[in-house]
Amino acid sequence: MNLAASYRRRFAVGLLLAAALGVGLTQWVLVRARDQESRAKSERVAVVSVNALVEIVERAGIVGDGVRRAVAAVARDNPMLTGIRVVVFEGFSLEASTMAGDSGESAAPRRLTRDEKPLYDQGQRLRAAVETNRQEGAARKPEIEIETAANGGLALAAPLEKDGAVVGFVAAETAAMPPPPRSSWLVPLGAVVVPALVFLVLALPVGERRSVLAVVAAILLLATMVAYGRYALNTATADRRLTARTVAAEVTAEMARASGVTRELSLGDLSALHPASWDTDVFRRPLGLIAADGSVQEAPLEQGLARVAARTREVVGAFTLLALGLLAFVGLGGAARLGGTLRKHRQAYAYTFPAVFGMLALVFLPFLYGVVLSFTDFSLYTSQAPLSQIWIGLKNFTDILGDFHIATRGPGGLVWNYQNIYWTLGVTIVWTVTNVAYGVGMGLFLALILNTKGLFARPIYRVIFILPWATPNYITALIWKGMFHQQFGVINQIIQMLGGTPVSWFEKPGTSLFACIATNAWLSVPFMMVISLGALQSISADLYEAARVDGATRWQQFRSITLPSLKPALIPAMILSVIWTFNMFNIIYLVSAGEPAHSTEILITQAYKFAFEQYRYGYAAAYSMVIFAVLLAYGIWQNKVTKATEGI
Amino acid sequence: MSERSRTGEFPHLPLHVILLIYVVVTLYPLLWVFTIAFSGQQGLMIVDIPANPTFLDRLRAITPWPAHVSASSFISLFTEQPFARWLLNSVIVAAGTTVLGVFLACTAAYAFSRFRFPGRRIGLMSFLVSQMFPGTLMLIPLYIIIVQFLGLGSNFIGLILLYSITAIPFCVWMLKGYFDTIPKELEESALMDGASAATIFYRIVLPLAQPAVAVTALFSFMTAWNEFIQAATFMDKISMYTAPVGLRFFVGGFSQQWGYFAAGAIITAIPIVVLFLVLQKYVVSGLTAGAVKG
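Protein sequences, first through last, are from chains A and B. With the first letter of the first sequence counted as 1, position 483 gets the number 483 in this note's numbering; the numbers rise by one all the way through. With the first letter of the second sequence counted as 1, position 185 gets the number 185 in this note's numbering; the numbers rise by one all the way through.
None of these hints come from the bench; they were simulated from the model. Don't take every hint at face value.
Okay, derived cross-link-like pairs now, DSS-like style, lysine-lysine, Cα gap no bigger than 25 Å in a straight line [said to hold, decoys possible]:
id: 1; chain 1: A; residue 1: 141; chain 2: B; residue 2: 184
id: 2; chain 1: B; residue 1: 237; chain 2: A; residue 2: 567
id: 3; chain 1: B; residue 1: 184; chain 2: A; residue 2: 117
id: 4; chain 1: B; residue 1: 237; chain 2: A; residue 2: 609
id: 5; chain 1: A; residue 1: 567; chain 2: A; residue 2: 508
id: 6; chain 1: A; residue 1: 117; chain 2: A; residue 2: 141
id: 7; chain 1: A; residue 1: 141; chain 2: A; residue 2: 162
id: 8; chain 1: A; residue 1: 395; chain 2: A; residue 2: 609
id: 9; chain 1: A; residue 1: 344; chain 2: B; residue 2: 184
id: 10; chain 1: A; residue 1: 609; chain 2: A; residue 2: 141
id: 11; chain 1: A; residue 1: 567; chain 2: A; residue 2: 640
id: 12; chain 1: A; residue 1: 453; chain 2: A; residue 2: 567
id: 13; chain 1: A; residue 1: 609; chain 2: A; residue 2: 508
What follows is a list of derived Cβ distance ranges for each label pair [as the list claims (entries may be wrong)]:
id: 14; chain 1: A; residue 1: 281; chain 2: B; residue 2: 238; range: 23 to 31 Å
id: 15; chain 1: A; residue 1: 557; chain 2: B; residue 2: 21; range: 52 to 60 Å
id: 16; chain 1: B; residue 1: 65; chain 2: A; residue 2: 147; range: 36 to 44 Å
id: 17; chain 1: B; residue 1: 67; chain 2: A; residue 2: 553; range: 17 to 25 Å
id: 18; chain 1: B; residue 1: 11; chain 2: A; residue 2: 548; range: 57 to 65 Å
Backbone N, C-alpha and C define an ideal beta-carbon position, used for all residues, glycine too.
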C-alpha cells in the first residue's frame, strides 16, 4: 500500500465519520425538538380546553346543580376531555365530576375522602401559586399544573376564581396524546453516505494530492451540513406552523362549544367570551398567538420562527465545527497516530477507561457547561432564550471582582458590605485555615497517642474518635445548631451554670463564625486521625528498632522516621482537606445559614444563594468560576511549595 | 531508669487523661441527640428549667438524660412517617455506589500506579483539579444532563452514577498511593511464573491492598449515604427521597420536629458505625510488610 492511496482513504473515512457525527447530532436535536413541539402542541390544545371549561364553570357559579349541568354538557360536547372534576375548598367539596370512579355511592356532590388529600393539596398549591405570582407581580409558580397521565393523556388542573380569590379548581384528563411525529431515517443516512461517495468520485481525478483532497472533503462536509441544517430548520418550521394551525382550530372549536353550552344553560353574555385569551401558558398569561377571530397571528409566529432559525444556526454551526475537527483529525493522520498509541498501551487504557469516561461525562462536561454559563445572563427568566441573546461576555466577572465597596464609613464606624466578594473571601480563608490547622494538629496528636504500643482500650478510643466522621455532616450541623440555640441550647446552659450570661451566637458575625468553626473542627479531626494512624502503622517497626540501637532519642526518631514517613500520606490529605473545607457547604448553610445578614457566608454558600435563592444562574456560575480560580491558584502554589506530586 | 522510659515510651496514665477529655468532647453532642430522641417529645430542651434555676438545675439541664424515657419518636417514625422507605432508598443507592465506586477506582488506580502511558500525568492531575470544581457550578449542568438528557431523575441509577464518579478522584489518589507501596517484586515473580496482568491484579495486588480497598469502599459508601444537596435536587418524588433528604424534611422550613429528626439521625448513622467496626482490621493492619518478608 503506498502512502498517497492511504491519504485518499483517510479523507474518505474521515468525511464519512465527520458527516455521521454532524448529521447524527443534528438529527438527534431535531428528533428531540419535534417530540417537544408535539408535546407542546398537545399541552396548548389541552390548556385551551381547560381554560374554556374554567370560563363555563365560573359562569355557572362554581357550586350547585348549575355547575354539574355545565360540566356534563362540556363533557358531552368535548370528546377530548375524558374526565372532569370540580373541587371547591369550602367544605372540601367535590362539586361535579365525570370521572369513571365518581359514580353511584361516590357521585358528586360529596365531601372529599381522606384518600383524596392529594387532590385537595393540589388545589392549595394552585391557590398559593396564584397568590405568590400576584404578590411578586411575576410569573414564577405555574398556575396550571400539567402532568402526563397513566393512559398517555394529560392531567391538568387550573384554579377557579370568584371575586379575585381562588375558591376551588378544576382537574381534567384528556384522551391519549397522538404519538410524536416519526422522522425518516433515510434522509440522514443519505446525507452521510452520499458526500462520501461523491468524494470518492471526485478524488479519482485529483489523485494523491493531500491539500486538494482536504479542501474537497471540507467543502463537501460544509455543503452537507448547510443542506442538512436547512432540512432540519424546514422540518421544525413546518411543525411549528402545524401547531399554530392546530391550536387555532381548537380555539375555534372551543368557541363553538362554549357558545352552545352558554346558550343552552343561559350562562350570560355570549359576546363576553374571548376564546383567543384561552391560549395561555401555565401562568395563565395569554400567548397572543391567536387572533380574536380564531385565526393564527402571523407576526408573533414569524418572530418565533426567527428565534427557531437563530437557534438552529447556532446549534448546527457548533456541530459543523465539531465535524470539521473530526475530519481534520482523521484525514491528517491524527486518528492513525492515536490508534497506534491506544494499541500499544491498550492494557493501561482499558483499565482507566471506565473511570475516565465517567469523569468526562459527569464531571468535566458539566464543568465546561458551567464555564459557558458564566459568560451569560442565564436566569430563571431567560431560560428559553438562545445563547447569543443572553451572552454578556465578561460582565458578570467585572461586576463581581470590580466591586470594591467592601465597607462604608457610617456614624458608628465602619459598616461592612457583607455581600461583597472580598469580605466573603476573607471569611472563607479564616474558616479554612482555622479548620485545617485544628484538624491536622488534633488528628496527628491523637493518632500519635493511639499508636502507643500496648495502650489500654486503644480500639475503643479509636471507635469513639471516629464517630464524628461517621456521623453525616448535615446531622452534625443541625445538632450543633441546636446546641448553640440562644434560649434552649446546651452551650448557653453551660455558660449560665458557670455564672456567665447567655450569648446570642447568631447575631454577631464573630460568634456566628465561631459556632460554625467549632462544629466543623469537631467533625474534621477523625479523617486526619485515620490517615495519620494508617501511615504511622505502615512504618516498619524495624526502623525504630534500628534507631534505638543507634541511641536516637524519641524526638530524633519522630523527626527522622515518623514525620518523613507521614509526609506522603499527610500532604495529599491536607491538600484535599483544604479544598473540602473551602467547599464545605453543609456546615455554614445549616449552622449559621450566613446569619447575620450574609456576614458568615463562605464563597460556596454565597454562590448557592445567588443560584437557588435569586435564580441568577449565569451570575452564580461566574461567582463559582472565581471560587475555582482561587482554589486553582492555591493548588498551584501548594504544589510548588511542597512538591507533593513529585515523581508521580 | 525504668524499662519503659529507656525504650522511649511515655507513661500511659497522662495519655489516658488526654484521651478521656477528648472522649467527652466527642461524645457529648451524640449523647445529646440520643437524649432528644428518647425523650418522646419534639423540643430542644432536655428538661424544663424553673424560673430561678440553681446550679443543680442547670447541671440537670445539660446532663444528657431525658426527663422521661420513651421510644415513641422511633415508633411513630416508622408507623406515621415514610421513613422506612427513605432508609431503603439510601441502602440501595449506597450499596450501588460502593460496588461501582470500588470497581472504577481500583482499576484506574492500578493502571496509574503500574503502567506508564501517554496521558497518565494529565489524568492524575485533572482528577486532582476536579476536586476543586465548586459544587454549585456543577449542579445546574448536572441536572440538565442527568434529568433531561439521560432521563434519570428520581431514579436510583442516576444517583449511583453521580456518587460513584464524584468519589473517583479521592479514591484513585488514595489507592494509587497504596499500590505504589506494594513492592513490584511480587508481581514480577508472578509474571515469571506466567501469570497474566488480570491475574496479577485480582490475585496479588487487590488482596495485598485490602486495607486501602476497604477505606475506598467505606468512603464511597459514606459519600452516598451522607449526600444531601444532589439527592434533594434529583429525587423530587417523596417516595424516592433518601434518608438525608427525608431527615431534612422533619426540621426544614417551619417544622421543628427534633424528636423525629434525632431518632431518624440515630438510625441513619448506625450503619456507618457498624460498617466501620467490621472493616476496622482491614483499615488498621499494614499487610505489605508481612507479604514481602514472608
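Here's how the hints hold up against the structure:
{"no.": "1", "hint": "A/141 x B/184", "result": "violated, 62 Å"}
{"no.": "2", "hint": "B/237 x A/567", "result": "violated, 46 Å"}
{"no.": "3", "hint": "B/184 x A/117", "result": "violated, 66 Å"}
{"no.": "4", "hint": "B/237 x A/609", "result": "holds, 23 Å"}
{"no.": "5", "hint": "A/567 x A/508", "result": "violated, 39 Å"}
{"no.": "6", "hint": "A/117 x A/141", "result": "holds, 21 Å"}
{"no.": "7", "hint": "A/141 x A/162", "result": "holds, 20 Å"}
{"no.": "8", "hint": "A/395 x A/609", "result": "holds, 19 Å"}
{"no.": "9", "hint": "A/344 x B/184", "result": "holds, 22 Å"}
{"no.": "10", "hint": "A/609 x A/141", "result": "holds, 19 Å"}
{"no.": "11", "hint": "A/567 x A/640", "result": "holds, 15 Å"}
{"no.": "12", "hint": "A/453 x A/567", "result": "holds, 22 Å"}
{"no.": "13", "hint": "A/609 x A/508", "result": "holds, 20 Å"}
{"no.": "14", "hint": "A/281 x B/238: 23 to 31 Å", "result": "holds, 27 Å"}
{"no.": "15", "hint": "A/557 x B/21: 52 to 60 Å", "result": "violated, 26 Å"}
{"no.": "16", "hint": "B/65 x A/147: 36 to 44 Å", "result": "violated, 50 Å"}
{"no.": "17", "hint": "B/67 x A/553: 17 to 25 Å", "result": "violated, 55 Å"}
{"no.": "18", "hint": "B/11 x A/548: 57 to 65 Å", "result": "violated, 18 Å"}
Figure legend: structure checked against the earlier numbered hints; hints not met, in rising order: 1, 2, 3, 5, 15, 16, 17, 18.
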